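Engineer: Which chain is which? The protein sequence lines are C and B, in order. -7 is the number of the first residue of the first sequence in the working numbering; add one for each residue after it. 58 is the number of the first residue of the second sequence in the working numbering; add one for each residue after it.
Think of the hints as simulated: they come from the structure by calculation, not from any bench. All values reported here derive from a predicted model rather than from experimental measurement. Where is the CB? At the ideal position from N, CA and C, for every residue including glycine. Treat the hints loosely; a few may be bogus.
Only part of the chain C face toward chain B is listed, based on derived beta-carbon distances under 7 Å [unchecked claim]:
| no. | residue |
| --- | --- |
| 1 | 54 |
| 2 | 92 |
| 3 | 115 |
Okay, the calculated bits of chain C under chain B, using three or more residues with CB under 8 Å as the criterion [claimed, not checked]:
| no. | segment |
| --- | --- |
| 4 | 99 to 112 |
| 5 | 125 to 133 |
| 6 | 286 to 292 |
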Amino acid sequence: MDLLSTSSLAGLLFQGILVLAAAPLLNGLIKRAKARWQMRRGPGVLQPYFDLFKLFQKDDMRSEHSSWLFVVTPYVYFGAALAAALLLPTAVAHAPLAAGDLLVVVGLLALGRFFLVLAGLDTGSAFGGEGSSREATFGALIEPALLAGLVGVAARAGTTDPSALAAEGAARGLALVGPAHLLAFVALLIVAIAETGRIPVDNPDTHLELTMVHEGMLLEYSGPALALLTWGALLRQLVVLTMLAGLFFPWGIAAADDTTSAAIGAGLLVYLLKLGALGLLLATVETAYAKLRIFRVPELLGTAFGVALLAVVAGYLVG
Amino acid sequence: LTSSFLFPVAPLALWALGALVGLAAAAVHSQRLARGAYYAGALGGLLGALGAGLSLATGAATIQWTFANPLAGVSPDPLTAAVAAGALSLAIDPLATLFGLLLCGAATAVSLYSLGFQPGHAPHATAPATPPHHRVPSEGHLAAGFHLFLAAMLLVFLADSVLAFLLAWEAMSLVSYLLVLYDHEDPTVRRAGYVYLVMTHAGTAFVIGAFLLVAGHGGGFTFDALRAAGQAGGSGPWKTAAFLLALVGFGTKAGLLPLHVWLPRAHPAAPAHVSALMSGVMVKTGIYGLVRVTWDLLGGALPAWTGWLLLWVGVASAVLGVLYALMEHDLKRLLAYHTVENIGIIAVGLGAALVLGTAGLPAAAALALGAGLFHTLNHAVFKSLLFMGAGAILQATRTRDLEEMGGLIRRMPWTAATFLVGALAISGIPPLNGFASEWLTFQSLLAVARTGAPGAAWYAWEGWYGVGAIAAVALLGLTAALAVACFVKAFGGAFLALPRHRHAAEAAEVPTSMRWGMVLLAAACVALGLGAGGAFVAISAVAAPLVPAQTVPAATAIDGVVGTWSAVSAPRLATGTMPGVLAAPAVLALLVGAGALGLILRRSMGREARVRRAPTWVCGIDLQPHMEYTPTSFAEPIRVIFAWAVHPFRHTEVEYAPGAQNYFIHAVRYHAGVHPPIERVLYRRGLTLLLGAAHRVRRLQAGSLRLYLAYMLAALAALLAWGR
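Isolated chain B, as found in the complex (with noise of 0.2 Å):
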């Protein structure tokens, strides 16, 4: 146990302790003792990470324990005795260590944010202001919360069986449902929590089914025996429905579309940094959850359209995620959807690593699957970080609503900067960390476009791999600089230029801990990006194990993947000797030498220049914010030129002067939104349908007690007969 303590030992132990403190400040009503709290939370995540983070670079080794099981014996039922055979064993192995790094990691910079975030029940960026008299949940029980979430899911990594999983799991799910309901007076917030916990528990049955029908071909319910289940034989069918069960329910954890529907209402609605451990670190769990059921229990061997339907259902993630959010002018919502952009992205690297590995190319698929789990620590890294940005400019300007913002960057200089190294990160602009695992996505698509034969016929499926991988290639393109645009509009409109609204031209810096908190991550996301090849070597070391490893024909080997501190190179088909290669800090020096070069030219060249400041030219006038391009009419062009895809609509309501028989307008009312054709399609369409059917069902509860008793005697009849 001593080599573990620092990881998990240490963070679980303080992150109870944290939950307890918080407890007792709502006991005895002390916001300082809540605030108080977090302490714990992020000295239990500094230690966490230090100790996940040491174990992945010496290689983690894995660990499991087995506790006494208060459920063992009670009952002589052989099924039961089956599921509370080491009900509650927990482990730490690779897989598990590296996402337990991903929370300790944004758990340490999301809890010093939160020593200095004041969680107001603002208003919502839609609807009007509600009066704050209402009784609302203290501090402190928010802060308990937000220790019970952070232990409840580095207990989903930990878990080594499928009840202690499904019971961390429902914890994690039911404690974030209580926070996303922390601001409850709010109806569109009942709204979201419900709409979430309706979602979370549909995808849950589907996660049961899918352990339940690896575990009906094995011998018990502890991972060890799935994974034997499932690693023996070939790749049978059930083995494919249990991925498509898994794929349901571990996707509608993680947004995948077309399940990401409470995503963008639930995150929003928590303060902000629930909402960043949300976006950041809980969705995480969902691919965890995929890759731990896909790779390590069935064992990875699933026919190559399984890889297709998940690579591709990332493509329409990304580019729809990416789109609804250029749609948004709330900024916690256009942060939420990009959550789905992002998790598609993740999910093309996972497609990818499926069909790589049913190729038969195991370091191909490797890679594969190291650059999605390196896009999931990133992106927990840089969307954590976004989400404290929000936050911070939310406690600022009390709004969330990018039309009533601007000119934050002399106002709010650390956010702006910490912001800004945040949105580059995302919309993979190098060297950050984005970029990378970006790069490292493209290039494992290149690989899978390389298994498509040339020249083979126009009906042979293989031979339209390629452009499958190409095509996927260029739409992952669309979405980055989809996402350039994006970024560039929500920057834009809350940083820069004049501020549109009184809160934001009084807008103040957020205190210093919570500047901490973001200044972390910003760091992170810039040395995630420079050391890119170190960090894939270790996730690499976490993800080879998975793959299976078939026999491959000499003449399709791939090289292996090449990564130093300093470089990762992809590998190449056939013996190649020049890779496709990223060298982070060699770009970063390049360009710093190259702008350093302007600076030069520009004072060798150059009579000493004179600096002059004068008003922004706009016609002679004196320029007022309503002239400034607003973030809506920023996105305006791409609102047209997509609509066929995300079917925007707008009202204008037109006020005139009262007396002046419509000459003079006193007031315009504008309303732009989008009507998601599959929240119309798919939900509205299926949720008649369902109560249709519920209706229809009522008629066999008809109240008489002849027809119910008559309901048994058929239904004893039916059991002999079958039971004959």
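Just chain C, with the same shape it has in the complex (with noise of 0.2 Å):
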């Protein structure tokens, strides 16, 4: 089968194992670094992995209001996170599984909110319902900014595989930065932002009522389901900053075909770095922002939007 000759066993594992090992450093490192900006000296690097450890071992309470859609969204969002995870190229210039391109992958990140946003609901707690009424505002608001920069970057080079795209920009070195590229790395990011929940669009350190998002969907989760769900979260950062890396910063990743060690390798270091680098953009901008008030977010990814419009129109008028 087609499917089977381009894609390996081996490297689907060692793709599983690299991002479900890379999601928590990452946040770790987000973490860390705003630490510092704010002056504190904040947790270690490895806190994420000891949290998610000693969730775990807790016991898991469930609402009695709730039903068997509380009990199998935390799979749900954990096997959506982790099964983008695995259509994207990272250390080397080809997705361990070629099921799917990016719109599959941004199909599956609609899935996981579908069902958070439906198991919020499902307790029947008021803060579940505002954290899930603002999730999918939000949603459909980042919908249009992320869909205009992916299909701009997309719709010039022709294909919408992002191992075809990352090759492609790769081989094309220096000569991928242009007006359309810078344009669409800043929408992109905005995106980025609102997506994984950060500052100015949520806040992923508050437990404040009137203010969280996120966090009020999960509110009522416990446990092992809780360490499920904050592990697909942590994923799904990780899928968007791998997805700007690989449309934007392709540089470095191993050729399709180069199955040497040392190029994989190589690739392998230049990925993290990519996702070191992103992470500490990601703190400073957080750092340097306050949170926005919940009806001025349309404006920022109305604006999101305008730019990755700008972006196809350079891309089409400049080249």
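Each of the two chains sits in its own frame; use the hints to bring them together as a complex.
Structural biologist: Laid out in structure tokens, this is it:
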């Protein structure tokens, strides 16, 4: 079968372990960098692993008002995020499973969001409903900017396949950089901030009723279920940043047909460095800005949409 | 005739039988016999779907029949003779087979469902209940109308001449009008039926105009003659005019903006199984007519701007349709607005096919047309499913108001599970069928974007093709994400949390046959999603011969669509090697594997995790239903953000306790809705102008005999002068 010949179980295992291990580390790094910007010492970069491990040891407390949907949601959310991560190229310009393109990745993220938003409503808690309502709203506002940015880049190359986009971008070298490239990056960076639930759209560190979005939906979860949801959210963050790295900084990725361990090792190192750099950028933005009022968020995401369209115009008129 | 026994002879015969049984049941006042009629509907649908599916899978052939014509030779007038020649011919070709499959598949599930459905005269969501002691049409009449409606729709797809088409079209419109009026003591239902009747006939006038325009350039009224006229020559302006007439006429039936106003009124007013057919199948006759006229009869060679017009009408329908849906809390009206949205998505595919066809890219045009047709099929499946779910909820809770539901997932597990599948499918979530066809639509827009010339001068029209296509992609993305919000609102409001009304708390699951109808279509959503590759290969075989095959410059040639049972790949401009790919079974396998890994992680990393149950934490008091986020409050941020587009309003009435000087609030009544600008500006103002003009014309009819004689004299003089 075509799919099996282009993908290998070894590659799937390698990338699965890579993304599962890298996602908490990335968040630890961002938290550490944020603490340093704010003149705090902050927790160590390994703290997210300890948190996940601790949550797995706890009892699972479920609301008696909730249904089976509440039980399956952590697995769907985690599974969709992990599946999306396996469709993107990381160290090598070849995703381990060529089963879907960028649009499928966006669809899988929507699958996770659909279930999580439903789970927020399932318990009947007003906090969950509030978080769900806002998450669904932000999700709707993120989508046009995200698609305009992604498809703008994809249309110029003529494909929506992330591996092909990364390989061709790397081959073009610095000629890739132009007004369209930079504008699209700015648009998708705003999208990434909103999608990962960071300031100025959402605050990942708060449990204050009036401001929480993502945390509001998780409020009734505990123990192993919360661990899976947290890990899933970390994976989604990794997916978004991997997408940015592959589209806008494809340089240094190992060629698809280069299977020497040196090339793969170098590609892996470059990939981790890119993730770290993007994480530091997110930490900086989060420190430099204050959280927006909820009805100011549409202006921010509308700006992202406008910038993404400008990138498309620039791509067609400037080349 | 033997090869066409399964499709279309069996469904037509069985549905005629069903109609007769329904009439007999009405005559003898037998409810059991009326329900039994639906066995004929289900069997006819099943045989027809089998036959149509087989013939599509093996490459459908074209068969024509011409029936002995009672009108032939009656009139010596050449025009009448021309209309009568081959007037009652029917034909099956691949396009008719595809739509027949859609109809028969939906008919099977909906008929099964109808076996257990009680079309009670339920109270309207917003109006107070009317006393049920009036004379109402019996269930026998309803069953007869249901089967006649099915047969009329099948005849629309089979018609092979203008007269046959219009006869079937009118039969379909009139029968569906009567079905909408089933619950006729409710004034809102009568009003909905009236609006529907006016709109559908206004639309039919445009359809007739389109046919006459094409027939005027050819030698007859059979589709063969029309085809010969339409496909001859290049793109004359009359072809554009015929397309625009067809767009208005069929767009009315399909519910394209701004001709959709009847749809959210009429579809919810009908009993649920009729709503399922109207929204699932009848609006598709509009799409069928548009495809038949534009690609088959006119040859698809139209100026590029007509394609862009259709594309942007589609985008506007999609975005505004879903926004209006979000403002609704009547479940059936919400679903009806989603029909407007999905017809918009289909129109985007069709518009892209026109643009790509004129750009000389037949493979890409076939992809876009196939995407539109695939979404048509998919929408028939999930929209019928969702309307059946809404009918099941209505039967169980006696309400269509989402505000009064809640908690039904525990009381109606089957309805909940199948509704969830339909909600995921319509929201475009992988790996279900809605995602597959939206993915193909996105890919066709990507192909449109590639026809724009990079580096073109800013004033060159072609340079903006890319921007237009990508803006359309972004707005379709907005539509999909808003659909997610809307179906989370609908599913969450109906099925999750605590019941907010006594009826919802006492609801019981619906009978087995209704569950089977819903399970069948839910399975079809999954099957069409996982088998998207194979389904799309069959649909491409229908679409490809329709697009104009022009010579293509080699440099811009587009690779053909690649499809196998497990995957479908979009073409890539210039000879690329890695196209975008959607392998739904592999995506599902990946999802299941990754989800299972979550379970393994939980088992391996944790202790023996104990599960404890406790009430939801609401700051230390007991959870009450009125604390929940209701569907309306869920959609509130979207209502505020998009207020400029939907013009919402709300009235709050506060009633104070008597004698307490307005200190103690007794009751608060809250009423919210939208004032759609289209209805206000286009229809209200248009109607005012029309009535004013009619008033002025009335002066001609002054009641004076001498004046009328003068009119006749003037008319005679004018005719003599003209005919000289």
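Engineer: Evaluate each hint against the coordinates.
Structural biologist: Taking the hints in turn, this is what the structure says about them:
1. 54: holds, 6 Å
2. 92: holds, 5 Å
3. 115: holds, 5 Å
4. 99 to 112: Coverage by chain B holds here, the residue count being 8 at a Cβ distance below 8 Å.
5. 125 to 133: It holds: at least three residues are needed, and the segment 125 to 133 of chain C offers 7 whose Cβ sits within less than 8 Å of chain B.
6. 286 to 292: holds (count 3)
The structure meets every hint from the earlier list without exception.
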